[in-house]
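K.L.:
If you want the building blocks of each chain, they are given just below.
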Amino acid sequence: MIVSHGNEVVKVGIAQMDVVKTPKTIRTSGLGSCVGVIIYDESKKIAGLVHVMLPDSSLGRTESINEAKFADTGVVALVNLVKLQGAQSFKLKAKIAGGAQMFQFTSDKSSMRIGPRNVEAVKEQLRKLKIPIIAEDTGGNSGRTIEFNPETSMLNIRTVNRGVSDI
Amino acid sequence: MNFSDKITSLHLDVLKEIGNIGAAHAATALSDLLQKKIDMRVPKVEMVSFNDMMELAGGSENVVVGIFLRIEGDAEGSMFFILPIEQANRFIRRLIHDDLFDFNAPSVSELGLSAMQEMGNILSGSYLSALSDFTGLKIYPTVPGLSVDMFGAIISIGLIELSQVSDTVIVINTAIFEEDIKDEEAVRGNFFLLPNPESFEAIFKALGVPIE
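Chains A and B, in that order, give the protein sequences. According to the working numbering, the first sequence is numbered sequentially starting from 1. According to the working numbering, the second sequence is numbered sequentially starting from 1.
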């Protein structure tokens with residue numbers, strides 16, 4: 001999938017991850033409480049994206065786990081994936097977006113606060129791996145579609161109610 | 001053996017019947033509310049991946065009006081009533097007698113939003129009380145929430161709990177449409193019922209087809 005010609009957009013689905021090199025861009029759409037994590041190497045112009053749904057793989061009760069579904073395992077797996085494509089660990093940086101609370105409820109059920117918990121878990125994991133967060137657009141109550149361009153290291157964020165921004 | 005392997009076509013028929021009864025009651029309630037004829041399609045019961053789920057209402061980026069509530073009690077899960085913007089606009093314009101009402105407007109009128117909320121309340125209430133009568137299960141819906149946003153961002157909240165135990169979802173999907181408007185995806189409202197995996201046993205048992 002990493003063939004460096006054609007300005008394609010590589011799409012990443014929910015609980016999935018992928019890596020691109022310039023001139024390709026990488027995108028995921030309809031982030032609600034999920035978090036999109038970009039890990040990139042500016043000099044090599046390589047970027048990976050993971051679309052995580054849950055904060056912690058210990059929440060998983062399936063026999064085999066899909067690493068990309070959880071913040072803790074997803075970030076680690078993504079770092080390995082970008083390194084495999086030639087990114088250097090000490091140059092890695094991160095941008096993150098998502099973690100909204102789409103519906104306001106008084107219910108104290110923990111799944112209702114999943115957005116902020118996902119964001120916290122992603123940050124915790126990045127801290128452990130000593131990867132700096134260069135920019136973030138998290139929280140709120142809007143859905144987001146994000147697209148990262150490894151050429152410029154910019155993350156484009158589209159929302160329905162709050163317009164478009166680049167971080 | 002995996003849970004999904006134990007589900008037979010009889011079980012799927014039972015779930016279809018739930019969709020049928022629930023949506024029929026909701027369609028009648030909507031028809032009374034709007035004073036116009038509302039039709040429904042034959043319910044579909046599908047086992048899909050999370051990403052395929054996104055395609056059930058025009059893709060994860062498609063902007064929709066979404067009502068969401070959680071079901072608690074003898075059976076648990078999530079329920080969504082998803083309307084394309086144009087259809088939601090028509091319903092609310094008719095309901096509040098305001099032809100200028102628009103969910104796409106920069107600031108959406110409070111009256112329209114609360115009418116939509118109330119409509120969600122009534123329709124999901126009819127759907128779920130029919131479901132409760134049919135199964136004899138005690139189920140309690142939470143107060144519905146309303147969001148006008150991307151379908152993926154809205155529906156994913158219903159996948160969170162499921163995703164802890166599974167990478168697929170069983171969705172009971174019933175579409176409704178207005179009789180005087182040609183039925184196509186763009187004008188179809190959808191009820192999505194997503195029972196929690198643990199609740200299927202209770203549902204099937206209540207209806208006399210326990211999982212072997």
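If you're looking for bench data, these hints aren't it; they were derived computationally from the structure. Where is the CB? At the ideal position from N, CA and C, for every residue including glycine. One or more hints might be untrue.
[To be verified] Listed below are the simulated EDC-like cross-link pairs for lysine to aspartate or glutamate, each with C-alpha atoms no more than 16 Å apart in a straight line:
1) A/K128 to A/D72
2) A/K11 to B/E61
3) A/K130 to A/D72
4) B/K6 to B/E198
5) B/K205 to B/D133
6) A/K93 to A/E67
7) A/K11 to B/D52
8) A/K11 to B/D133
9) B/K37 to B/D133
[Unchecked claim] Derived, one-sided and incomplete: chain A residues facing chain B with beta-carbon distance under 8 Å:
10) G32
11) Q104
12) L129
[Stated by the list, open to error] Computed footprint of chain A on chain B; a stretch qualifies when at least three of its residues, placed anywhere within it, have a C-beta under 8 Å from a C-beta of chain A:
13) 24-31
14) 45-54
15) 58-71
16) 142-149
K.L.:
Does each hint fit the structure? Answer for all of them.
P.N.:
Hint by hint, here is what the structure shows:
1. A/K128 to A/D72: The hint holds at about 10 Å.
2. A/K11 to B/E61: Given that 16 Å is the threshold and the Cα spacing comes to 12 Å, the pair holds.
3. A/K130 to A/D72: Holds, because 14 Å separates the two Cα atoms, which is no more than 16 Å.
4. B/K6 to B/E198: holds, 13 Å
5. B/K205 to B/D133: holds, 15 Å
6. A/K93 to A/E67: Roughly 20 Å separates the two Cα atoms, so the pair is violated.
7. A/K11 to B/D52: Holds, at about 14 Å.
8. A/K11 to B/D133: Violated. A/K11 to B/D133 sits at ~44 Å, over the 16 Å cutoff.
9. B/K37 to B/D133: violated, 25 Å
10. G32: Status holds, d = 3 Å.
11. Q104: At about 6 Å, which falls below the 8 Å cut-off, the nearest Cβ of chain B leaves the hint on A/Q104 intact, so it holds.
12. L129: violated, 24 Å
13. 24-31: violated (count 0)
14. 45-54: Holds, because 3 residues of the region 45-54 of chain B bring their Cβ atoms closer than 8 Å to Cβ atoms of chain A.
15. 58-71: It holds: at least three residues are needed, and the region 58-71 of chain B offers 6 whose Cβ sits within less than 8 Å of chain A.
16. 142-149: holds (count 7)
Of the hints listed earlier, those the structure fails to meet are numbers 6, 8, 9, 12 and 13, in rising order.
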